[in-house]
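**Student:** Protein chains in written order, with our numbering: chain L, 471 to 766; chain F, 4 to 288; chain D, 2 to 345.
Please note that a few of the clues may not be correct.
As the list claims (entries may be wrong) - In silico DSBU-like pairs for lysine-lysine, Cα to Cα no more than 35 Å straight-line:
| hint | chain 1 | residue 1 | chain 2 | residue 2 |
| --- | --- | --- | --- | --- |
| 1 | D | Lys341 | D | Lys174 |
| 2 | D | Lys132 | D | Lys111 |
| 3 | D | Lys111 | F | Lys178 |
| 4 | L | Lys680 | F | Lys103 |
| 5 | D | Lys174 | D | Lys132 |
| 6 | F | Lys178 | D | Lys116 |
| 7 | L | Lys755 | F | Lys178 |
| 8 | F | Lys178 | F | Lys103 |
| 9 | D | Lys213 | F | Lys178 |
| 10 | L | Lys680 | L | Lys577 |
| 11 | L | Lys573 | L | Lys680 |
| 12 | F | Lys178 | D | Lys174 |
| 13 | D | Lys213 | D | Lys174 |
| 14 | D | Lys111 | F | Lys103 |
| 15 | F | Lys178 | D | Lys70 |
| 16 | D | Lys132 | D | Lys213 |
| 17 | L | Lys755 | F | Lys103 |
| 18 | D | Lys132 | F | Lys178 |
| 19 | L | Lys755 | L | Lys579 |
To be verified - Not the full set, but computed from the structure, chain F residues with beta-carbon under 7 Å of chain D:
| hint | residue |
| --- | --- |
| 20 | Ile176 |
| 21 | Val180 |
| 22 | Glu182 |
| 23 | Ala185 |
| 24 | Gly202 |
| 25 | Tyr284 |
In short, the hints are calculated from the structure, not lab data. Where is the CB? At the ideal position from N, CA and C, for every residue including glycine.
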Amino acid sequence: MAHDGTASPAGSGNTELVRVATSEHRLARYGLIAAALTFVALFLVLPLAAVFTEAMRNGPGEFLTVLSDPETFAAIRLTLLVAGIAVPLNLVFGIAAAWAIAKFEFKGKAFLTTLIDLPFSVSPVISGLVFVLLFGSHSLLGPWLQSHGIQILFAVPGIVLATVFVTFPFVARELIPLMQEQGTSDEEAALSLGASGWQTFWHVTLPNIKWGLLYGVLLCNARAMGEFGAVSVVSGHIRGLTNTMPLQVEILYNEYNFVAAFAVATLLALLALVTLVLKSLLEMKYSAQIAASRRH
Amino acid sequence: MTARTASLWQIRQPSVIPGFGLALGVTLSWLTLIILIPLSGLVWRSSALGWTTFWELATDQRTVNALRISFGTAFLAALINVVFGVILAWVLVRYRFPGKRVIDAMVDLPFALPTAVAGIALTTLYAPNGWIGSLLTPLGIKVAFTPLGIVFALVFVGLPFVVRTVQPIMEEIDKEVEEAAATLGANRLQTIRRVLLPGLSPAVLTGFALAFARGVGEYGSVIFIAGNLPYVSEIAPLLIVIRLEEFNYPAATAIAAVMLVISFAMLLIINMIQAWSRRRYGYGA
Amino acid sequence: MEVRVQNIRKEFGRFPALNDVSLDIRSGELIALLGPSGSGKTTLLRLIAGLESPTEGTVYFGNEDASRKTVQERNIGFVFQHYALFRHMTVLDNVSFGLTIRPAGRRPPKADIRKRALELLDLVQLSGLEKRYPAQLSGGQRQRVALARAMAVEPNVLLLDEPFGALDAQVRKELRRWLREIHDRTGHTTVFVTHDQDEALELADRVVVMSKGQIEQIGTPDEIYDTPNSPFVFGFIGQSNILPVRVENGQLWLEDRSIGVSAPGEADGPAQLYFRPHDIELLDGGGCIAGIVVQTRRVAGTRHVELDIGTANTKVEIELPPEKATSDRSRLAFRPTRWKLFRD
Numbered sequence: 471m472a473h474d475g476t477a478s479p480a481g482s483g484n485t486e487l488v489r490v491a492t493s494e495h496r497l498a499r500y501g502l503i504a505a506a507l508t509f510v511a512l513f514l515v516l517p518l519a520a521v522f523t524e525a526m527r528n529g530p531g532e533f534l535t536v537l538s539d540p541e542t543f544a545a546i547r548l549t550l551l552v553a554g555i556a557v558p559l560n561l562v563f564g565i566a567a568a569w570a571i572a573k574f575e576f577k578g579k580a581f582l583t584t585l586i587d588l589p590f591s592v593s594p595v596i597s598g599l600v601f602v603l604l605f606g607s608h609s610l611l612g613p614w615l616q617s618h619g620i621q622i623l624f625a626v627p628g629i630v631l632a633t634v635f636v637t638f639p640f641v642a643r644e645l646i647p648l649m650q651e652q653g654t655s656d657e658e659a660a661l662s663l664g665a666s667g668w669q670t671f672w673h674v675t676l677p678n679i680k681w682g683l684l685y686g687v688l689l690c691n692a693r694a695m696g697e698f699g700a701v702s703v704v705s706g707h708i709r710g711l712t713n714t715m716p717l718q719v720e721i722l723y724n725e726y727n728f729v730a731a732f733a734v735a736t737l738l739a740l741l742a743l744v745t746l747v748l749k750s751l752l753e754m755k756y757s758a759q760i761a762a763s764r765r766h
Numbered sequence: 004m005t006a007r008t009a010s011l012w013q014i015r016q017p018s019v020i021p022g023f024g025l026a027l028g029v030t031l032s033w034l035t036l037i038i039l040i041p042l043s044g045l046v047w048r049s050s051a052l053g054w055t056t057f058w059e060l061a062t063d064q065r066t067v068n069a070l071r072i073s074f075g076t077a078f079l080a081a082l083i084n085v086v087f088g089v090i091l092a093w094v095l096v097r098y099r100f101p102g103k104r105v106i107d108a109m110v111d112l113p114f115a116l117p118t119a120v121a122g123i124a125l126t127t128l129y130a131p132n133g134w135i136g137s138l139l140t141p142l143g144i145k146v147a148f149t150p151l152g153i154v155f156a157l158v159f160v161g162l163p164f165v166v167r168t169v170q171p172i173m174e175e176i177d178k179e180v181e182e183a184a185a186t187l188g189a190n191r192l193q194t195i196r197r198v199l200l201p202g203l204s205p206a207v208l209t210g211f212a213l214a215f216a217r218g219v220g221e222y223g224s225v226i227f228i229a230g231n232l233p234y235v236s237e238i239a240p241l242l243i244v245i246r247l248e249e250f251n252y253p254a255a256t257a258i259a260a261v262m263l264v265i266s267f268a269m270l271l272i273i274n275m276i277q278a279w280s281r282r283r284y285g286y287g288a
Numbered sequence: 002m003e004v005r006v007q008n009i010r011k012e013f014g015r016f017p018a019l020n021d022v023s024l025d026i027r028s029g030e031l032i033a034l035l036g037p038s039g040s041g042k043t044t045l046l047r048l049i050a051g052l053e054s055p056t057e058g059t060v061y062f063g064n065e066d067a068s069r070k071t072v073q074e075r076n077i078g079f080v081f082q083h084y085a086l087f088r089h090m091t092v093l094d095n096v097s098f099g100l101t102i103r104p105a106g107r108r109p110p111k112a113d114i115r116k117r118a119l120e121l122l123d124l125v126q127l128s129g130l131e132k133r134y135p136a137q138l139s140g141g142q143r144q145r146v147a148l149a150r151a152m153a154v155e156p157n158v159l160l161l162d163e164p165f166g167a168l169d170a171q172v173r174k175e176l177r178r179w180l181r182e183i184h185d186r187t188g189h190t191t192v193f194v195t196h197d198q199d200e201a202l203e204l205a206d207r208v209v210v211m212s213k214g215q216i217e218q219i220g221t222p223d224e225i226y227d228t229p230n231s232p233f234v235f236g237f238i239g240q241s242n243i244l245p246v247r248v249e250n251g252q253l254w255l256e257d258r259s260i261g262v263s264a265p266g267e268a269d270g271p272a273q274l275y276f277r278p279h280d281i282e283l284l285d286g287g288g289c290i291a292g293i294v295v296q297t298r299r300v301a302g303t304r305h306v307e308l309d310i311g312t313a314n315t316k317v318e319i320e321l322p323p324e325k326a327t328s329d330r331s332r333l334a335f336r337p338t339r340w341k342l343f344r345d
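The shape of chain L in the complex, shown without the other chains:
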């Protein structure tokens, strides 16, 4: 039926004799919209605006000088490197996990799903701590690693491990509900036509899930590049060597070098904005091919 109760506040409600039963009074609507917008402004819009204004406080010249600093440059490179390793690893894992969980019925499936979600309920600091306990000099593995000259903590491998831990569920979580929804009939059809397992995956499954996959990768990447707590614990904060961009922001900020801190933060904020725009575009254009549950 055409009883669209969404009635815009400026809408046609006032020409009607009686108010639509499923809508609030006009003043209540305005009040709620005002409350929501104020809240969004205070907690989302203004912080974002603050990043950019603080970075430009002393003009674009200084902004650019800060960004061309070799330490900043090293941080950007490390961040890209870590994300470049962690995201593909979790991508492969995510596809494998979703394939096993969505396409088959087996014992312990619910438990496995819970385990995959585990990193979401662990504090980032604890995610870093577990690797310190595993590889630190006082741990079981520590002395052995040391005698063989393998450096994991306070080096790139540790940062990658912590990042992989934190971003572990992103791709799998996006793919599992999507692939469950799609069922197995397409794959069965391909197999019955004589396609091999890999052919079926490449030509049937992958095209069906590509936008959902991209969505998961997008979120995974945003977290991988922005992770702070876990990386902070395992990195050792060695300037120019083990500082990712978020860590660089912290160091600069704690040195009261605010403009520099916000300049680096600007890059991360831009990353966030690009992520949001791409995410919205994906949701708008391919909502059917992105899993119904968009929780994180």
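Here the structure of chain L is known, so what remains is to put chains F and D in place on it, guided by the hints.
**Tutor:** Coordinates of chains F and D only, in the frame set by chain L:
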């Protein structure tokens, strides 16, 4: 007979789809390597402490205060997020206004913006000389460098959890149910309070739990704004980091273990409430 | 209570859903709004309820203009197509809802509300299920809870939107009879919307046939079935045959043959002849419609015979007693005994 025994011992139901072994193998190995071994390391290390030592470390006054602050502020922030998150979701689902699309997209900002950036931005904003802080100072309200600052940071971090959990359930509300309440004589407020909100409560509860769990563990956005005064505005994750920097691994392990246990217990309770709700009302969230 | 709808017009955007509709509903009557989807029947029901407001026109409850009253003030009972039960409330709480939310002055004491709700549950034969939640009930049980809930507020008028639409055929038939019983016992003025002619004809005191936002005919089930007053009603209700005929001097002609039907007083010219398959008599000759049997089907107590009458490829279906044996390709002649002419 043989078929029956086979089905008893089979882990999975038969299927023509290939690749189960490979997919499950990759999944389990990766899960074990990245998640299970490191986490069990933590469990092993904390159990190696012995009960007395563990208890001493866990009940250390500074630790107790840090845990109390972490859980308390996360609880408060999740409550605030429930109120404003539900309002925001309602406004986004029900009303039309200019800029709605942008606002909807903005809700995910806390997911996308690195926590350290959020931390310094909120601090700048709510510091006594900041854009908003300077307006609050004359009123005697101090946000940055107080526990209130922690709450504000956690509100930022947790907001999308509530909105994104409640929003899809709100979109599915059957308009007939609201009309039914109206035909029975309920005014709008009664309909919202007695019909709509109770129907949303499983989703709201889930959103609350997710925001709360995230808030308890949050580190990056909090440490800048908190002031980090021991016993007053020092959160548990920060205390873990401090203990680690002191090479006091037993203490760090103990705090982490306590946090994990409480968080998992909470998740368990929430899951149970959800299962109960689904059994009884035929819906959960 | 008596309900009068006067010259109602309703537009959704530019689209007119109802066009100048007037209807008097007598107190205590059970009335059906019957029509295909898009005919405006549900819109009319929602207008009476106050869930929509008319673009033009008035709704009276008794002698009172109810048009400006909100749905809450109208005190109606509405049963929704999908029941719209409150799923977080027990059956008892659902039925009590309308009474418990009344302002303190008009609210009966708690014990009375409970008693009344239990009585209603007894009336709808759901005693013992008051502690269940809607999710734990069958479709038919939910439907009955919805009805009890609507009756709890002692409504001025009971409005039901496709009350059996979501049920299995079997349950549907049972509930239909049962609803009639409830109506006869409680005497509520009741309006229900349906697209199912059997439901309307079997259940209602009067049927309102609607099409394209207008009322085509109002009448008792017999009147509607036996004397449809428009081609739409003829076509929509029951089976009918349509033949292009010509009127000449009060006689009907099919192409160049007289069919033995006289229509005194009809003006000359082309017309459409409407008649029901069972309103015929078989003849041996003379003025009649004759055709060759194409197909016969036995449906329960009647034999349906399809005839090719050779005219403009028109096929006609007639109903005969089953003992009347006919073979394919045999020839039959008949004449409509009850019929109606419509002109374009």
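**Student:** Each hint should be assessed against the structure and marked as holding or not.
**Tutor:** We went through each hint and held it up to the structure:
With a CA separation close to 32 Å, the supplied pair D:Lys341 and D:Lys174 stays within the 35 Å bound. Taken as a hint, the D:Lys132 and D:Lys111 pair is honoured in the structure, with Cα atoms around 17 Å apart against an allowance of 35 Å. Restraint check: the Cα-Cα separation between D:Lys111 and F:Lys178 comes to about 29 Å, which is no more than 35 Å; the hinted pair holds. Between the alpha carbons of L:Lys680 and F:Lys103 the distance comes to roughly 28 Å, so the proposed pair stays at or under 35 Å and holds.
Pair hint D:Lys174 plus D:Lys132 holds up; C-alpha atoms about 27 Å apart against a cutoff of 35 Å. The suggested pairing of F:Lys178 with D:Lys116 holds, with an alpha-carbon distance near 30 Å, which does not exceed 35 Å. In summary, the hint linking L:Lys755 to F:Lys178 is supported, as the alpha carbons are separated by about 27 Å, within the 35 Å threshold. A threshold of 35 Å between alpha carbons decides the hint, and for F:Lys178 with F:Lys103 the separation of about 22 Å falls inside it, so the pair holds.
Taken as a hint, the D:Lys213 and F:Lys178 pair is honoured in the structure, with Cα atoms around 25 Å apart against an allowance of 35 Å. For the suggested pair L:Lys680 and L:Lys577, the alpha carbons sit about 28 Å apart, so the restraint of at most 35 Å is met. Among the hinted pairs, L:Lys573 with L:Lys680 is consistent with the structure: their alpha-carbon atoms are about 17 Å apart, no more than 35 Å. Of the pairs offered as hints, the one joining F:Lys178 and D:Lys174 holds, with about 28 Å between alpha carbons and a cut-off of 35 Å not exceeded.
Between D:Lys213 and D:Lys174 the CA atoms are separated by roughly 28 Å; this keeps the pair inside 35 Å, and the hint holds. For the proposed pair D:Lys111 and F:Lys103, the alpha carbon gap of about 45 Å is over 35 Å, so the pair is violated. Restraint check for F:Lys178 and D:Lys70: satisfied, since their Cα atoms lie roughly 20 Å apart, inside the 35 Å limit. A C-alpha spacing of about 44 Å is found between D:Lys132 and D:Lys213, which places the hinted pair above 35 Å, so the restraint is violated.
For the proposed pair L:Lys755 and F:Lys103, the alpha carbon gap of about 17 Å is at most 35 Å, so the pair holds. With a C-alpha separation of about 25 Å, the suggested pair D:Lys132 and F:Lys178 falls inside the 35 Å cut-off, and the hint holds. Taking the CA atoms of L:Lys755 and L:Lys579, the gap is about 32 Å. The hint holds against a cut of 35 Å. Checking F:Ile176 against chain D by beta carbon gives a least distance of about 11 Å; that is not within 7 Å, so the hint is violated.
Given the 7 Å rule on beta carbons, the hint for F:Val180 holds: about 5 Å separates it from the nearest Cβ of chain D. At a threshold of 7 Å, the smallest CB-CB gap from F:Glu182 to chain D is about 6 Å, leaving the interface hint in force. Because the smallest distance between the Cβ of F:Ala185 and any Cβ of chain D comes to about 5 Å, under 7 Å, the interface hint for this residue holds. At about 6 Å, the closest approach between the beta carbon of F:Gly202 and any beta carbon in chain D falls short of 7 Å, and the interface hint on this residue holds.
Against a cut-off of 7 Å between C-beta atoms, the interface hint on F:Tyr284 holds, since the closest Cβ of chain D lies about 5 Å away.
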